[in-house]
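**Q** Here is how the chains run, residue by residue.
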Amino acid sequence: MPEVARAEYLEELANLEASALGGLDLVSIALGRTLEAVEHQDVELAQLVVADDDRIDGRYLEVHQALITLLATQSPVATDLRLISSLLHVLKNIERMGDQCVNVCKVIPISGNEPPADREMVELILKMGRQTKALIMQAKRAFEGRDVEMAQDLVRQDDVVDNLNRDCFRLALELGDDADKREWAMTMLLAARALERTADNAVDIGEQVAFVVTGLFREFEDASHPSA
Amino acid sequence: MLGAATKKQKRSDSEPGAETGRGEMSESRPTPATSTEAAAVPGRRAKTIEVRAVDLFYGDFQAVEGVTMTIEPNKVTALIGSSGCGKTTFLRSLNRMHELTPGARVQGEVTLDGEDIYDGRVDPVAVRRLIGMVFQQPNPFPTMSIYDNVAAGLNLNAKKVSKTQKDGVVERSLRGAHLWEEVKDRLDKPGGGLSGGQQQRLCIARAIAVEPEVLLMDEPCSALDPVATLAVEDLIAELKNRYTIVVVTHNMQQAARASDVTAFFNLDETGKPGHLVEMGPTEEIFTNPKKKETEDYVSGRFG
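Chains as they are written, first to last, in the working numbering: chain A, 1 to 228; chain B, 1 to 303.
It is possible that part of the hints are untrue.
No farther apart than 20 Å at their CA atoms in a straight line, the calculated lysine to any residue pairs in the SDA-like style are these [as the list claims (entries may be wrong)]:
#, chain 1, residue 1, chain 2, residue 2
1, B, K291, A, L81
2, B, K75, B, K292
3, B, K292, A, E95
4, B, K292, A, L81
5, A, K181, A, E62
6, B, K290, A, Q41
7, B, K75, B, G176
8, B, K163, B, K272
9, B, K291, A, Q41
10, B, K290, A, R82
11, B, K290, A, G215
12, B, K292, A, V148
13, B, K292, A, L216
14, B, K290, B, T270
15, B, K292, A, T79
16, B, K290, A, T214
17, B, K291, A, K92
18, A, K92, A, L45
19, A, K92, A, D25
To list a few chain B residues with every Cβ distance to chain A over 10 Å, as calculated [stated by the list, open to error]:
#, residue
20, E50
21, A53
22, D116
23, D119
24, T143
25, S162
26, D167
27, R175
28, E182
29, D185
30, D188
31, E238
32, E295
33, V298
For each label pair, taking beta carbons as the anchor points, the in silico distance ranges come out as [what the hints assert, rightly or not]:
#, chain 1, residue 1, chain 2, residue 2, range
34, B, A223, A, E11, 29 to 35 Å
35, B, P190, A, A7, 46 to 52 Å
36, B, A223, A, S224, 52 to 58 Å
37, B, E293, A, A7, 15 to 21 Å
38, B, T143, A, V213, 56 to 62 Å
Worth flagging that the hints you see were computed from the coordinates, not collected in a lab.
Fair warning: this is a prediction, and the values are worked out from it, not measured in the lab.
Even glycine gets a Cβ: it sits at the ideal position worked out from N, Cα and C.
Just chain A, with the same shape it has in the complex (with noise of 0.2 Å):
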């Protein structure tokens, strides 16, 4: 028997999830991207990112393709199969993060070219986002590296997020009577709603790496019954 057979399904395989998991890197960029464009109310940065949301559309449609064109040749099983289902789910994952990107980026031009920012809480969600952001990439390293305990790893940082969150909305209550200060703060609330959503996706991204090594899918944490 040749020493690995089906070489080059399985070379199909690799490239495919590193196609896949790169739609985290460009993930990672948008979201970079869009902190910037947050930080100093960039309106053109953040029309960049809204257009650049096409590449990882598109990175989302094409791996997704070629992903359901091995399912339908090559009749993938066991390890093989939770990889492809996982992979399915991930790009998921990826075009829903992407689009949280575009959410936050469209939010910027309505508080206009001189808001009357809220200093402390523009650094909170800057701090959310690099939360985040960090969260996309252990969630990328927890898959490469097929680690289930990074992955597991990703609910306690994705609980800074989420306190974070909470910090915004209690800041966007004492903000003051101010109307325009006001409408500003609802703008960074959707805002920050987006990268907590965003940061949920990597948590999930998790959970499929708990499937592809173990075999058996539950959810790190459950929105409607949790623990805590």
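Knowing the structure of chain A, use the given hints to seat chain B on it.
**A** Positioned in the frame of chain A, the structure of chain B alone reads:
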């Protein structure tokens, strides 16, 4: 072949299709001890095969080593594994066909609902009637009519079966094999005139005509096209309601589609005996096998 296997059976059975006491090994003379037990079982039901520490030999060559498994009734059990791993040999040991090969022998225990089929008092011919077999190549009697093909087992089995009874069995068996509608108007035509898929279903009809407890199938679809294959798989799915079914297949997708339980056989290297690596629910074997060896095989990484 079932027909040949039943030829020597001494006792006649006036109603091969009847429900009572049929399909017991005790029907054959040498096992009087079990006949009362057989009578106590009302109607027929599929049976459990227990295999314990079975070793199979061809002369000095050991083909299979230390297989222990339980084959459950009303389930389709698929045996998979690369060529030469002994799965067909193992299948043939389940109805004592292995010993027909000169020099072949069996060690260990195979029981059908607790009765040792290798007990010295058991007539192997009776075992083969209870545990029918369908082969890789459809092998109807080519010049014999479709009707006589199905009735072959009965003719060899029983002294007197009335034409009416025989008609009933033939129709019931052909219906059971999903072939009746296609052949009902040409029952007197030769079996060799049917298509490959129809011939295989004819062989299945012939096998079930003598009302076995267990059906063994050795790559029943390997000579069939995809449509005929699906027809046979549908049939297998239905037959499991009445029989214990064991299928040897080289087709992973067939095992995945058509079986409830999958057993994976492998051998360490050519010349070494094959052994059972892993057995479990088919779903588990194909989504999350316990052993890497199984995983490598089902995902086509070797073999």
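**Q** Hints broken by the structure, by number, lowest first?
**A** Checked against the structure, the hints that fail are numbers 2, 3, 5, 6, 8, 9, 14, 17, 18, 32, 33, while the rest are satisfied.
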